[in-house]
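K.L.:
Using the sequences provided together with the hints, build the complete structure.
One-letter residues, chain by chain:
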Amino acid sequence: MLEKALKGNRRYWSWVGFLLVIIGAGFFFYLRQLNVGLGITGMSRDVSWGFYIAQFTFLVGVAASAVMVVLPHYLHDVKAFGKLTILGELLAIASVTMCLLFIVVDLGQPQRMLNIVLHPTPHSILFWDMVVLNGYLLLNVIISRVSLLAERKGEHPPAWIKAVVYLSILWAVSIHTVTAFIYSGLAARPFWLTAVLAPRFLASAFAAGPALLILLCLILRRLSHFDAGDEAISKIALIVTYAMAINVFFILMEVFTAFYSEIPEHLDHFRYLFLGLEGHHRLVPWMWISVILALISLILLINPKTRHNHRMLTIACCAVFFSIWIDKGLGMVVTGFVPNPLGRVMEYWPTLPEALISLGIYGIGALMVTGFYRIALALRGELGETSGGGS
Amino acid sequence: MSLDRRGFFRLAGLTAVGAQLPVLSRAGGSGPLEPAGKAIEGKRFAMVIDLAACHEHPECNRCIEACDRSHNIPKIPAEAHEIKWIWKEEFEHAFPASNSPYLKGELAEKPVLLMCNHCDNPPCVRVCPTQATWKREDGVVMMDWHRCIGCRYCIAACPYGSRSFNWVDPRQYLKERNPDFPTRTKGVVEKCNLCEERLAEGKIPACAESCPHGAIHFGDISDPDSPIRKLLEERFAIRRKPVLGTEPQVYYLV
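Chains G and R, in that order, give the protein sequences.
Reading the first sequence from the start, the letters are residues 1 to 391 in the numbering used here.
Reading the second sequence from the start, the letters are residues 1 to 254 in the numbering used here.
Calculated from the structure, these hints are not laboratory results.
Cβ atoms here follow ideal geometry from the backbone N, Cα and C, with glycine treated the same way.
Honestly, I wouldn't trust all of these hints.
Stated by the list, open to error - Covered by chain R, according to a simulated footprint, are these stretches of chain G (three or more residues, beta-carbon under 8 angstroms):
| hint | segment |
| --- | --- |
| 1 | 54–61 |
| 2 | 108–114 |
Claimed, not checked - Just the calculated beta-carbon pair ranges, DEER-fashion:
| hint | chain 1 | residue 1 | chain 2 | residue 2 | range |
| --- | --- | --- | --- | --- | --- |
| 3 | R | P212 | G | S261 | 44 to 50 angstroms |
| 4 | R | E247 | G | E265 | 52 to 58 angstroms |
| 5 | G | L167 | R | F181 | 47 to 53 angstroms |
| 6 | G | M346 | R | L103 | 49 to 55 angstroms |
P.N.:
In structure tokens:
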């Protein structure tokens, strides 16, 4: 089945080659990081988690979001999503793989990572995150493999796979909940110590992930004969609309509690994020870009006229994706450390090696999505060979 | 059953606490092993720092130097990569909740000694995914540098900033080495170990021993007749962020 990813035209191979160059650069800098230590990054004694852990957190959301096409299809018999579930599941596989890679590159002693398995520690949330992420990866590999094999034979997938699918629906919720618990259970970090963190993570995931899926479908429509169908796209767009609205609502809840209660150790983090603290405001312009993108996306999504217009929908989905990426992939993790528990402000910004290592991991994810989608489309004969390209 | 490293430490700790056995000298070799002094035992170790006594000598860094020397702590020039076991901090940062804008004089202006609080309910131990950090029966919060994977979850969980990560190879910044204590590799977390290696040899922690002004007291807080309990009965003491429920075991006399 995998051999289908090894056939393609010039455009496909230039895209694959481009990704391989990015991956190679990331790998080169990772070797340097192994040699020098994590001191090669912008992290510090005060801001001890940075870009890597933030990307991990963001991508757990993208992985979990597959459930937004799987659940309506299997539990509510939404037939329009029939062609899409496999794309969601394959996207989830690529995303979880990126998550695991981001954890590995963040470890100071990656060669010892099996210690998590050798000394299982149920009172550590990180242990449970390892369990749920690997479990979710396994579930999606099983589901997508079985459904693709069935499709190749032109059969219906076996009945038992439904049970696995139902399990994966619950499991998707668990991966982002447990990931939120990594943060929201720490008394030392008031910024994260909020019960709304897990719901907020889920809402933002169910906006950003499906938004990415819409973008991928629109790209596939141009590059191949695969057409998700207008009905499916408009249904996902509606899901993105509700999820984004709920996400913004949750953020406003946080802002109200922080600014109205005026408890300094809670408020200072929000001040740092949106206004700047003691002359430090590196994240402020980013956060306001995130706010503006969120507003633009909501205006375009809530208005049915713009939502049904695919050009406007593309803009809205990009806005949703980057707004949430800034919020989770840039602001959320770092701000938990600024100010530090002693009330001192030490700022963080990723270094070039750190950024390139991260880009390399995103390159691996993009390569996986490209190869997987190519296989899926080839099996259905929807590749559109003359113009066939990656995603 | 094989005895892993942690099991060994636990056994060593229990031996030191309970059995009153002399701890055998580390230098083995041929010939009979000789006891190197009786281990200090206690049900619950704690530290009491007398801020007034410490403030009389603001230029004194004897405790920090003794600790750094004893534990091979490197002097790393980049502030971002510093390793700190015991260090000085301004009062308003050491006790952000106890700060008064009108406070003048020694308390407001002179530094406070900070270190690991060896909490009774340590959040670092709760979050560690490999049990590379754990609490001993006698309250010492330990670190196994050979098991730590460097995930830094414990640093995120510590409300006191007491943990440091080796962002770079620390050995390149060590001018002189104490051969009796291990050096660390890059990529692991470390912190104050309450001089467990000295306790096992019957010595009190290096900071307490080196303080010429009697400002650092160490003892068994579970013993009502211990000198540190007497100090805490007579003078008002504060702890860092006690509201978080971590039960820090470093007390500051004000």
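K.L.:
Indicate, hint by hint, whether the structure satisfies it.
P.N.:
Hint check results:
A count of 0 residues in the segment 54–61 of chain G with a Cβ less than 8 angstroms from any Cβ of chain R is obtained; the coverage claim is therefore unmet, three being the minimum. Chain R is given as covering the segment 108–114 of chain G, and this holds because 5 residues of the stretch bring a CB closer than 8 angstroms to a CB of that chain, at least three being needed. Between P212(R) and S261(G) the beta carbons are some 46 angstroms apart, a value that agrees with the proposed interval 44 to 50 angstroms. In this structure the hint that E247(R) and E265(G) lie 52 to 58 angstroms apart at CB is violated, the actual value being about 20 angstroms.
Separation of L167(G) from F181(R) is about 51 angstroms and conforms to the stated range, judged on CB atoms against 47 to 53 angstroms. At about 25 angstroms, the CB distance of M346(G) to L103(R) disagrees with the hint of 49 to 55 angstroms.
Hint compliance for this structure: hints 1, 4, 6 are broken, all remaining hints hold.
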